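Enquirer: Sequence:
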Amino acid sequence: MKTKIIKKAYKFRIYPTLEQISFFAKSFGCVRKVHNLMLDDRKKAYEEYKS
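In the working numbering, the protein residues as written are 163 to 213.
Incorrect hints may appear among the rest.
Capping the alpha-carbon separation at 30 Å, the derived lysine-lysine pairs in DSSO-like fashion look like this [as the list claims (entries may be wrong)]:
#1 LYS188 / LYS173
#2 LYS195 / LYS212
#3 LYS206 / LYS195
#4 LYS205 / LYS188
#5 LYS188 / LYS206
#6 LYS205 / LYS195
#7 LYS173 / LYS195
Derived Cβ-Cβ restraints for the label pairs, each shown as a range [said to hold, decoys possible]:
#8 ALA171 / ARG194: 21 to 31 Å
#9 LYS164 / LYS188: 46 to 56 Å
#10 ILE176 / HIS197: 19 to 29 Å
Quick caveat, the hints were computed from the structure, so don't treat them as lab data.
Please read these numbers as outputs of a predicted model, since none were measured by experiment.
C-beta atoms are modelled at their ideal positions from N, C-alpha and C, and glycine is treated no differently.
Given the sequences, and given the hints that come with them, work out the whole structure.
Expert: As structure tokens, then:
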């Protein structure tokens, strides 16, 4: 007996306040910076240890 997998997705529109917009912009900026730093670190480690 096969199990059926049903995938659903929902989209929601948000209407943030000016304060929330500012918070999101700062948060995403920080997250982007950390992601790029870690990605650079992983690339350097790969280059250093690849054989």
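Enquirer: Which hint numbers doesn't this structure obey?
Expert: The structure conflicts with no hint, since it agrees with every one listed earlier.
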